[in-house]
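Position chain S relative to chain H; hints supplied.
Residue-level listing of the chains:
There are 2 protein chains.
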Amino acid sequence: MDQERIRKYAKLAVCTGVNVQPGQTVMIFVSPEQHEFAAMVAEECYLAGAGKVMMEWTFQPVTKMAYQYETVESLGEVPEWLEAKHRWMAEELPCHIHILSDDPDGLAGVDPEKMQQAMVKKNRVLKKYRDARENRDQWTIIAVPSPSWAKKVYPNETEEAAQAKLWEDIFSCVHIEKDKDPVDAWNRHNHQFLERCRKLNEYGFEYLEYKNQLGTDFRVWLIPGAVWMGGGEYTMGGTYYNPNMPTEEIFTTPASGRAEGKVVSSKPLSYQGMLIEDFWVEFKEGKAVSWSARCGEEVLGKIITMDEGSCCLGEVALVPESSPVSQTGHMFYETLFDENASCHLALGAGFSNVLPNYDKMTAEEWKEAGINDSLIHVDFMIGTPDMNIQGVTSDGKRVDIFVNGEWAEEFRSQSDN
Amino acid sequence: MDQERIRKYAKLAVCTGVNVQPGQTVMIFVSPEQHEFAAMVAEECYLAGAGKVMMEWTFQPVTKMAYQYETVESLGEVPEWLEAKHRWMAEELPCHIHILSDDPDGLAGVDPEKMQQAMVKKNRVLKKYRDARENRDQWTIIAVPSPSWAKKVYPNETEEAAQAKLWEDIFSCVHIEKDKDPVDAWNRHNHQFLERCRKLNEYGFEYLEYKNQLGTDFRVWLIPGAVWMGGGEYTMGGTYYNPNMPTEEIFTTPASGRAEGKVVSSKPLSYQGMLIEDFWVEFKEGKAVSWSARCGEEVLGKIITMDEGSCCLGEVALVPESSPVSQTGHMFYETLFDENASCHLALGAGFSNVLPNYDKMTAEEWKEAGINDSLIHVDFMIGTPDMNIQGVTSDGKRVDIFVNGEWAEEFRSQSDN
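Same order as they appear, the protein sequences are chains H and S.
Just so we're aligned, residue 8 is where the first sequence starts under our numbering, counting upward by one.
Just so we're aligned, residue 8 is where the second sequence starts under our numbering, counting upward by one.
The following block holds chain H by itself, in its conformation from the complex (with noise of 0.2 Å):
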């Protein structure tokens, strides 16, 4: 592969990305199967100032063994050590690099009863840890072809061929061009999106409407002053980073408790390993309270009733059909990418930073405003070419946000005419 775009998809990680600031501590979580990769990224944060770069690798294979292998109570014991891991980046904050590249079905055949109540288990005790490192540390998502992974995108072609073609797919989707800065594309791309959320903003919002020919049939109400956000965000401490590599959403958190009707996928969820495809969830009073898939229905119930919050939506999210990530013309199989090819919802937990002033509340207050609790959050596709989304604000007018899949006219910005 061409090692001169692999090298500035690695910088761009690091220095766009994260945003690693000199004497930083730098986690990054990666596949052994992608060492030579992770070890470039590894000296891009050294060449950024890191004061220390720990790898944390995980094998999806061994993964897949352990869940076979061991007991609910292994799978989801939390040793004092790792409680202190964890203790200790909630404190620290380290930034967080997150390389994927797993197989979209790796994990098929494992038990959903299982994996979700090992999880449930570990999350009792780890997860206070998680919310405490919350809008406070800088982290970013990225990914890299396995031969898997590649294949399971590329079917048709051999390993070798269907890596280049993903790779070739994430160059595109993440502004790496031969020649070209892509740091200077990544400032356009966020200017852009900032004068996108600044007009939805501006109308303030009661509730959006969804509708297609595919079924979906949905309204949901917005949190009164929450804000539209896309692209780079800020840690509480001031520091600017992207926490996805590609994004092309503009999304808020909805209201928690106020959405009704049905929303149905169009395109498949791959869900730690395991694929959920064609269903549909059905929202009454804000919960998810009926649903249907025709694979993977198990999966897509164990998400569903993972905890309190997981019946609930914590993300509205709106993305074009023209989108570069929809352009490849394919799917990806990988969140990262899918939802930035469609118009999506997440069940689970909302993103607190969307409230003005959220980071002079308490985590209580954050839940009193309208943003939803729980231990996952988890991206679905609903965006069709037939969508039409209207927004409605609070004396009933109606806006037009989009239409047959793209921005209305007056969201659009001036590149993408």
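One or more of the hints may lead you astray.
Any copy will do: because identical chains look the same in the list, a pair fits if it lies in one copy or spans two.
As the list claims (entries may be wrong) - Below, a list of computed lysine-lysine pairs in the DSBU-like style, where the Cα atoms sit at most 30 Å apart:
1) Lys-135 / Lys-59
2) Lys-367 / Lys-134
3) Lys-185 / Lys-172
4) Lys-59 / Lys-129
5) Lys-59 / Lys-134
6) Lys-374 / Lys-128
7) Lys-121 / Lys-59
8) Lys-135 / Lys-71
Quick caveat, the hints were computed from the structure, so don't treat them as lab data.
Please read all numbers here as calculations on a predicted model, not as lab measurements.
Leaving out everything else, chain S in the frame of chain H:
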């Protein structure tokens, strides 16, 4: 490569090496380059009944970067969670499987002073937990070829051919043959070793005297009552395991502070990714007082001066020139193999379990009995085809132990003839 024999090797490490007992936790220390073999070993652990398998990945190129870019402060730092993990290891006693594969000079260029300082700093906190595990946990060390290690051993071959040849060497050294059960071979091997140890122990030598044409002229005193060991060992809890695969040495711990004369290296020493070649060390009253090396002299000096005990000897080991490792006809640049091709000594910590009743003694009493203490244990090779070693008993009787690099007649086993 021959997947059947590789699978046998993985199973051998788990069953005969570390001898995993039902419900035990196993930690596998391995490079991410070896993720496929590592997953195979993990699976064999589960099949042997392990309750939990933990992967502990370390990637040498990233370790090298850390030594280059981080401060000694950062390198030697032990955060609370890491100390808690070592405490947990000392309490829970998981099995350790170490899978070596690193480039023998992959850390060339690292400042030995910096490495030493970092290690001393780290060990000030962690050594007590390692000491607490001594003689109590099951562990084994095996090795698999990485491209860089294989090319070091076979510089004139392609990467692929070099790895294939190194695999064949490993198989021959660890008694893995097609259509044969290696467990039988290991049982026979261990039985021979017991016989040889019994004969040596009956003599109760006061000291050994080494001489060869290379310039070694050396006497080392043994601890009265200490035994010669070799092959498998028992934990205090009574579980049998094989700490090294391959193993061809019969060894004991000499009396700390009682060695005189000069020893000349017969093979290069690969220490933590750096090579030391053509060196000698002179001992007075058990301490290394002068030394010199054609290559890597600074590293040798750092080893000898690491701590109070690093200038004294912790091991005396006897290996004939005809050992299967030696018969491959080449250096491995890896102590696990090279120490099994040649008589050697080790600087640093001795093995307390050579003492009768060691399990009823305190660490202080081990030291008083003559077992050297140090945070290092570094083997270096002195055996040659003309090496003669005599044992001298307290009543002045001289017994040939090695004649021209081979066990003297009375110590040979049936199968040697």
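Comparing the hints with the structure gives:
no.	hint	verdict
1	Lys-135 / Lys-59	both (25 Å within a copy, 25 Å between copies)
2	Lys-367 / Lys-134	within (21 Å within a copy, 45 Å between copies)
3	Lys-185 / Lys-172	within (16 Å within a copy, 41 Å between copies)
4	Lys-59 / Lys-129	both (27 Å within a copy, 15 Å between copies)
5	Lys-59 / Lys-134	both (25 Å within a copy, 23 Å between copies)
6	Lys-374 / Lys-128	within (22 Å within a copy, 46 Å between copies)
7	Lys-121 / Lys-59	between (36 Å within a copy, 15 Å between copies)
8	Lys-135 / Lys-71	within (26 Å within a copy, 35 Å between copies)
Going through the hint list in order, the structure satisfies each hint without exception.
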